Amino acid sequence: AQKVTQAQTEISVVEKEDVTLDCVYETRDTTYYLFWYKQPPSGELVFLIRRNSFDEQNEISGRYSWNFQKSTSSFNFTITASQVVDSAVYFCALSEAENRDDKIIFGKGTRLHILP
Amino acid sequence: KAGVTQTPRYLIKTRGQQVTLSCSPISGHRSVSWYQQTPGQGLQFLFEYFSETQRNKGNFPGRFSGRQFSNSRSEMNVSTLELGDSALYLCASSESGTSLYEQYFGPGTRLTVT
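Those protein sequence lines, which keep their order, are chains A and B. Using this note's numbering, the letters of the first sequence correspond one by one to residues 1 to 116. Using this note's numbering, the letters of the second sequence correspond one by one to residues 1 to 114.
Simulated from the structure, these hints should not be mistaken for lab results. Remember, it's a predicted structure, so these values are computed and weren't measured experimentally. Ideal Cβ positions, reconstructed from N, Cα and C, are used throughout, including at glycine. Careful, some of the hints might be misleading.
Unchecked claim - Cβ-to-Cβ under 8 Å is the rule here; a few derived chain A residues that face chain B:
no., residue
1, L45
2, I104
3, K108
The whole structure should be built from the sequences, with the hints applied where relevant.
See the structure below:
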C-alpha cells in the first residue's frame, strides 16, 4: 500500500534562513510519481514539482530545490533564503503508475511559518 | 486561461440535508478530481472523472457521488449530511486522464454542517 509521511507538522524559521521539509514515502511499485504542492492561506493548492521514480536527479528552481533519494524513499524539499511569502502548508504526494486505482495519496502536510 | 473555479465558496447546511458543489475545470482539461480536506484526515481523494466517466473512487460512503458533463464541468453531491462532512472540498483539473500529471486546483468550497 502506498503511504506518504511528512513527520514535521509545523516549522518556524526566521526570514532568510534555509529550511528543509521532509517527505518519506512507501510503495511497492517500481514506477511512481512524487509531487510537492503548496497551499497558501487562500486555500488553493499550487503545483510545485513532479518527479518520476526513474529520475533521481536533484532539481533546483530558483530558491527551491528537491532531493530525491530512492535508497531512503525520501523526496525532501528545501527552500533557500526563505521569505515571508513562503509561509504556507506544503504537501508531498505519491501516485503509483501501476496502481489501477490510479489515485494520488497526500501526506498530512507541513505548515511552514516564515517569521519576519 | 482562467483557472479552476468552484461554486459556492462557502456553504452552511444542516445535518440530513444534501448539497451539490460545482467545479469548472481549466479550458481544455478533461479530467476533474475531487478531494476532501479536514484537519484530522488531511487531503483525501474522493473521485476522478474523465470524459463524463468516473475513473476512480476513494474510500468514501455512497452518500458521496459526482458526475461530469460534456463540457467537463463537474458536480459533487453529498446526501444525508453528517457533522463529519464539514470540510474544504477541493476540485482539481488536469489535461490527462490520470493523477500522474500535475493538477490545477480550485480555491475550494468550505462546507459547514451544523
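Cross-check of the supplied hints:
1. The beta carbon of L45/A comes within 4 Å of a beta carbon in chain B, closer than 8 Å, and the hint placing it at the interface holds.
2. Given hint, I104/A at the interface with chain B, holds; its Cβ is 4 Å from that chain's nearest Cβ, closer than 8 Å.
3. Look at K108/A: its Cβ gets to within about 5 Å of chain B, closer than 8 Å, so that hint holds up.
In summary, the structure agrees with every hint in the numbered list given earlier.
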